[in-house]
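Take our numbering: the final residue in the sequence shown is number 267, and no numbers are missing along the way.
Treat the hints with caution; some may be incorrect.
Said to hold, decoys possible - No farther apart than 27 Å at their CA atoms in a straight line, the calculated lysine-lysine pairs in the DSS-like style are these: (1) 70 to 46; (2) 46 to 101; (3) 49 to 61; (4) 170 to 49; (5) 101 to 49.
Keep in mind that the hints were calculated from the coordinates and are not lab data.
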Amino acid sequence: MPHSEFLATALEAARAADDVVRHYYQRNLRITIKADKSPVTEADVETEKAIRSLLAAKYPAHGFHGEETGTAALDADYVWFVDPIDGTKAFVREYPMFSTQIALMHQGRLIVGVSSAPVYGELAYGEIGVGAWLNEQPLRVSSIDTIENAALSTGNLKSLATGPRWPAFGQLVGRLSRIRGYGDFLHYHLLASGRIDAVVESDVNILDVGACAVIVEAAGGRFTDLEGRSFTPRSTGVLATNGRLHQAIYDAIHC
């Protein structure tokens, strides 16, 4: 199926980002620590500039929210959310668990998402109401419908472990067929392609996972915050499933 203009533009921006990322990867870059104690490198900034320049030229009236270069026109009907290198620590340590995340929101709803991990070798993308793909192959979530048969991946366990849901989450783990911590972009790619069945993650924001939210939903899954509400720019946790398991896992971590 032909891509919409928005998705085609997001993919073009991801390709431009990939070129910058590959140029800087394994270059022993100087690291700066931001106010929130997260690292940033020249690669992060230059990658976001490449994406922002392309999007601004194509859609000058659209808003923009980036991890490194700031925000503009967040009250616009269309707003782009960009994390140029989600997983800077992995990028610096030279292992391939990092990605570029590009998402488009229209009037409060995420509609387009691209998740590009050029060193790992995966490009996932999707559009609500159209479909989702991984390296040009169509994606579809699994049909697993019981916790006992499910594989679940987690992210940012440190913050989850200090929160009120930890005891209930421990009970859930004992019921699962398989528990893993793939993290970052990877567990959402796995979920959208039916290779795992659910993700529980804390301490994230829309820049980290907005694109993946679109991809999971476009592949037939469900993506909410940990309270079961729609994921928004204010959300900080994720419950993502193949849809069939959503209520059961929600109930398990809220018991």
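Going through the hints against the structure:
no., hint, verdict
1, 70 to 46, "violated (30 Å)"
2, 46 to 101, "holds (13 Å)"
3, 49 to 61, "holds (22 Å)"
4, 170 to 49, "holds (16 Å)"
5, 101 to 49, "holds (12 Å)"
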